[in-house]
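Trainee: Residue-level listing of the chains:
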Amino acid sequence: MFDFLIEGFGVALSPLNLGLAFLGALLGTLFGALPGIGPINGIAILMPLAYTLGLPAESALILLAGIYTGAEYGGRMSSILLNVPGDAGAVMTTLDGHPLAKQGLAGPALGLSAVSSFVGATIAIIGLTLFAPLLAEVAVMFGPAEFFALMIFAFSSMAVMMGKDPVKTAIGAVLGVLIATVGVDGGTGVMRFTFGMPELYDGVDFVVMIIGLFAISEILLMLEHAHRRDADDEMPPLGRVFVSLKEVLHCKGAMGRSGLLGFIIGVLPGTGASVAGAVSYTTEKRLSDKDGTFGKGDMRGLAAPEAANNASAAGSFVPMLTLGIPGSGTTAVLLGALMLYNITPGPMMFTERPEVAGGLIASLYIGNIVLLALNLPLAGVFARVLTIPRWVLVPAIAILAFVGVYQLHSDLTAIYLMLIIGVFGYLLRKLGFSLAPVILGYVLGGLMEQNLRRALSISGGDAGILWQSGISLGLWIAAAALLVLPWLVPKLLAGRSRRHAG
Amino acid sequence: MRIAADRLLGLALIGLAAFIAVQSLQLQVPFSYEPVGPKAFPLGLAALLAALALVLVFKPGEDGEWPAPALALRLLGVLGLLLVYALLFTRLGFIPASFLVVATLARLFDASWPKALVTAALMAAGSDFLFTEGLGIGLPDGTWLADIL
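Going line by line, the protein sequences match chains E and C.
Per the UniProt record's numbering, residue 1 is the first one in the first sequence, and the count goes up by one each step.
Per the UniProt record's numbering, residue 1 is the first one in the second sequence, and the count goes up by one each step.
One chain only, chain E, in its complex shape:
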């Protein structure tokens, strides 16, 4: 049953892939540590280079996944030291992390967060190893109708979980799906929304889309943030960098629970590290905040979100590898990267391409150990990254974005398109949209339409096929429940308490 893992370790332990796992971990930690550059930005900027180097699919994936998991480690640095989350997953880390730093415990806080990141990630990688092959066996039974229902479920779970405004999350996803319809229609050869531009016949290029949406819009946002100081003071001194065993043991419950919770949230399609961090923090506060110390510098309040956001990163690989449905915005980008290699992840991945699935999972085990080894002693060095001024960072991002897009197409049209998408992304972010739904919609849109049309051609046009099987019906009901319950439950509870009162 675990043949894929044995083969995977064979792949991941090759010198090239070991080096890439190490490089990914290092770069990822740096990207995570830099405020504003999260895992998606890091991957967007480096993905074109991975292609240029001509890496095989599994090696490219190992590099990019290393950046992803590394960024979840690195995101905590600026949360703890500057009270500015390094990425969306590290928002809750500021709540207890920064107060600890202000009490002169910045070093131990960094150490503890590295250990809890390790624990959370380890729990989730083991979960991934055990759970993914089982899910793949179930997923073999999926036909087009089931996949279509699954995507509806993914979008509705995302609408409820992600962002403040479900309507905007839904709009973002629809816009993403619409962008995916651009180009020659595979079924009939009809051109859709190409406006006679040959560059658009193959659709909006994935790299152009990702770099425009994330890197270019980030440049514009950084200019705004440069004029609004949200960091509340100078970087506090680190103090001793090591965390004591006693402090770690004090947090073992918080780490274990949050690791499990983060894994489960990561597996749910469409929800990422930010949700995992928030849910685990509030859960841990409810369970163990007896003296009201959470939010004032409680070690457990730091350990919980850090364990959870790293666990969710590993967990989000489960639906991506087994169903081809990304568990988070970042895995959506990784899925798109795999599709560029003509690999569409799905239930057959573990049997047909075990070197990719197994190699990735094995590299996560290795990367996790590398990350702990890097992050414990080198916390001070990584913290230095925070002092890189924006006037160095921004031109560097611009150069990487331009070279990345140019060398893929040697074509200026792609660069103009990237800039247009960048402005579009900036406006969306200013209007309170999260970009992850857009990317998820863009990556899933083509598959969604294909599966819908395939299902309907099997049934001769009868839409009933979409909910005929037990699996698809169950997914539709689950999707509907997700959309209705958050709205219904508070009303029911309010009604009941009124009856009790009356």
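Since the hints were derived computationally from the structure, they do not count as laboratory data.
As the structure is a prediction and not an experimental result, all values here were calculated from the model.
Incorrect hints may have been included.
Claimed, not checked - Here are the simulated DSS-like cross-link-like pairs (lysine-lysine), alpha carbons at most 30 Å apart as the crow flies:
| id | chain 1 | residue 1 | chain 2 | residue 2 |
| --- | --- | --- | --- | --- |
| 1 | E | LYS491 | C | LYS59 |
| 2 | E | LYS296 | E | LYS252 |
| 3 | E | LYS296 | E | LYS164 |
| 4 | E | LYS285 | E | LYS491 |
| 5 | E | LYS290 | E | LYS102 |
| 6 | C | LYS59 | E | LYS164 |
| 7 | E | LYS290 | E | LYS252 |
| 8 | E | LYS246 | E | LYS290 |
| 9 | C | LYS59 | E | LYS430 |
Could you slot chain C onto chain E? The hints should help.
Mentor: Just chain C, lined up with the frame of chain E:
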């Protein structure tokens, strides 16, 4: 009544949905074996988009923070600069174009002139070396200079 950003967005999205619907209806499908052609999916999405946009028009959220005029001008400056970079990228060549753009960009992000110029020189030459020598990526030499020489 103040016009919230969300209301404008909602109206713009309804316009977009209408545009998509019209475009989809105009698609000429030569022949089709399947019951659902390439029109249905975008049409359905346009309808969904219009419905969601209506929610925004009638229940707009908070008006977010928008940049003050001076900052907006700088944002346009950065954007214009990126456009200039695109225009110069192949014509002037990678190193000179990058030097100019990095120096100006650094100035827009509040670096002093000496810092901006040194950063630009190091970054333009360094990235050219890294990309061409280290990674084997072909970068444009510039057509204008070649013409003159």
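Trainee: State for each hint whether it applies.
Mentor: Taking the hints in turn, this is what the structure says about them:
1. LYS491(E) to LYS59(C): With a Cα-Cα distance of about 20 Å, the restraint between LYS491(E) and LYS59(C) holds, given a limit of 30 Å.
2. LYS296(E) to LYS252(E): 19 Å, holds
3. LYS296(E) to LYS164(E): 25 Å, holds
4. LYS285(E) to LYS491(E): Roughly 25 Å between the alpha carbons, so the hint for LYS285(E) and LYS491(E) holds.
5. LYS290(E) to LYS102(E): The hint holds at about 22 Å.
6. LYS59(C) to LYS164(E): Judged against 30 Å, a Cα distance of about 14 Å means the pair holds.
7. LYS290(E) to LYS252(E): 17 Å, holds
8. LYS246(E) to LYS290(E): Holds, at roughly 19 Å.
9. LYS59(C) to LYS430(E): 18 Å, holds
Violated hints: none; the structure is consistent with every hint.
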